[in-house]
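S.K.: What follows is each chain in one-letter form.
There are 2 protein chains.
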Amino acid sequence: MNGSGETGIGAGRRRLLRGAVAGTLGAAGLAAASDHSAYPADRDAPGRDPGRGEGDASSLSVALLLYDGFTALDAVGPHEVLCRVPGVRVTTVARKEGPVRTDTGELALVAERATRDITRADVLLVPGGGDRGVTAMMEDADAHRWIRRIHRHSTWTTSVCTGSLILGSAGLLRGLPATTYWASRPYLEKVGAVYTPGRFVEAGKIITAAGVSAGIDMGLHLASRLADEKVAMAMQLAVEYDPDPPYDTGSPEKADAETEALALKLLADSAR
Amino acid sequence: MNGSGETGIGAGRRRLLRGAVAGTLGAAGLAAASDHSAYPADRDAPGRDPGRGEGDASSLSVALLLYDGFTALDAVGPHEVLCRVPGVRVTTVARKEGPVRTDTGELALVAERATRDITRADVLLVPGGGDRGVTAMMEDADAHRWIRRIHRHSTWTTSVCTGSLILGSAGLLRGLPATTYWASRPYLEKVGAVYTPGRFVEAGKIITAAGVSAGIDMGLHLASRLADEKVAMAMQLAVEYDPDPPYDTGSPEKADAETEALALKLLADSAR
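Residue numbers (my numbering), protein chains in the order written: chain A, 43 to 314; chain B, 43 to 314.
Please note that the accuracy of each hint is not assured.
The calculated lysine-lysine pairs, modelled on DSBU-like cross-linking and capped at a C-alpha distance of 35 Å, are [stated by the list, open to error]:
hint, chain 1, residue 1, chain 2, residue 2
1, B, K232, A, K296
2, A, K138, A, K247
3, B, K138, B, K296
4, A, K138, B, K138
5, B, K232, B, K307
6, A, K296, A, K138
7, A, K247, B, K272
8, A, K296, A, K232
9, A, K272, B, K138
10, A, K232, A, K247
11, A, K296, B, K138
12, A, K307, B, K272
13, B, K232, B, K296
14, B, K272, B, K232
15, B, K296, A, K296
16, A, K272, A, K307
17, B, K138, B, K232
18, A, K247, B, K296
19, B, K232, B, K247
20, B, K232, A, K272
21, B, K307, B, K296
22, A, K247, A, K296
23, B, K307, A, K307
24, B, K272, A, K232
25, B, K247, B, K272
26, A, K272, A, K232
27, A, K232, A, K307
28, B, K138, B, K307
29, A, K138, A, K232
30, B, K296, A, K272
Derived, one-sided and incomplete: chain B residues facing chain A with beta-carbon distance under 8 Å [to be verified]:
hint, residue
31, H121
32, W198
33, G246
34, T291
Every beta carbon over 10 Å from chain B, so not counted as near; a handful from chain A, in silico [to be verified]:
hint, residue
35, R162
36, R187
37, R216
38, G217
39, S293
Think of the hints as simulated: they come from the structure by calculation, not from any bench. Cβ coordinates follow ideal geometry from the N, Cα and C atoms, glycine included.
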């Protein structure tokens with residue numbers, strides 16, 4: 043649990059709702075609200091980069107790849123951190139624009155752009171997913187071609203959870219240290235990578251994160267790379283990432299065999 | 043960083059992709075895939091409970107309220123944990139069905155149901171959002187009526203981040219201990235609640251979580267309440283929640299004034 047918030051209350055009269063102190067949104071915020079700001083009029087022009095062409099030459103584009111059966115938190119954890127880094131625009135991308143369902147089928151996120159319309163991004167981010175979704179992506183030659191094309195010019199190519207198996211299937215991890223979801227570690231070897239422990243593993247311009255929630259840790263690290271440590275530290279506060287897990291069962295090294303078996307059963311039973 | 047995974051690799055040959063060991067998805071998984079399983083044919087029948095009416099009398103319904111300007115991780119953190127708890131179905135609900143944009147405007151989640159069609163839920167979950175979105179919800183009498191109606195029969199009524207200000211505005215927190223986003227603590231008093239430190243605060247059947255990422259901790263706690271501690275421990279492993287934040291700046295008690303000011307600026311600048 044966090045420490046006392048009493049000083050926070052006293053000192054915080056000026057803070058009100060979050061962010062209010064920094065200037066009632068400002069002209070930029072109001073302009074953005076009027077047109078949703080996400081895409082210029084020529085948003086469908088082929089080959090346009092996500093996050094570019096908005097009169098902000100300094101913007102950094104993050105292409106967040108969604109696919110049927112991805113895991114929501116794998117995508118949203120790093121998204122939440124990166125979308126507030128100055129100059130960064132995160133754009134959801136999928137084979138087709140529109141809703142993309144997660145591994146349980148209970149939730150859908152909207153892909154703003156189709157992969158055919160995106161040829162460049164400063165950062166590629168590939169979340170993991172359930173067995174069915176990841177297996178399909180591991181066999182999807184079109185997806186692999188697109189991933190390789192984006193990777194060719196990216197500054198960073200990243201994954202969360204079993205997303206590294208997709209990067210590996212696209213041929214990006216041969217001989218490289220990498221990590222993945224705990225239950226999928228043996229699969230890294232099959233795609234030519236060398237399993238390396240860690241919440242995230244940086245190898246050249248590729249960063250792979252461990253399972254699901256590790257995307258938040260990776261996102262903060264990436265924020266420090268895209269901006270600087272001050273911004274990353276501020277983003278950790280902005281998402282109040284002062285974790286206090288109720289148990290100490292967050293990795294297979296810490297959990298017992300019964301917990302591990304139950305975790306795998308819950309995952310299998312919740313898959314569609 | 044996690045400990046060595048070498049034993050994990052050796053012992054893990056049987057685990058393959060996550061969940062695969064527990065039975066190639068099983069008949070239930072395949073059946074679910076064929077019809078998306080989320081809603082029966084009568085999904086639009088007024089008054090039907092989310093998660094009910096699927097031939098599973100033991101199911102527990104979680105209504106996850108989305109609104110224009112909500113914060114993605116506030117919603118997806120607990121969703122990721124709760125959606126795999128046996129018998130639990132999480133349904134996204136908003137004023138209207140369809141895409142609902144987050145506080146930055148860069149991301150949209152799909153609301154599966156409209157509030158007018160939902161009159162009961164075992165669990166109500168209200169995420170926080172940016173200033174504009176939360177302020178609007180704090181003044182939305184229709185939303186307050188719906189929240190009070192669901193709360194009347196809920197087993198648990200919960201919030202993440204500034205979602206507690208919405209619960210408070212609906213009149214649910216008078217005199218109760220509660221928490222919220224760190225920068226919004228003074229506002230709790232305005233809605234009649236008593237700010238209480240903690241990643242989450244349980245008061246009767248109301249559980250309020252601190253900011254953004256605290257929804258994951260709260261989700262695990264709620265999993266233990268809806269099922270049992272074994273399930274919650276397994277879900278902590280399932281989302282590999284073994285956090286290793288790169289900095290120690292996740293709360294205002296730990297961050298310095300410069301980091302706090304920058305966090306508020308990043309939030310304001312990223313708001314639409």
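S.K.: Which of the listed hints are not met by the structure?
M.R.: 1, 3, 6, 7, 9, 11, 14, 16, 23, 26, 32, 33, 39
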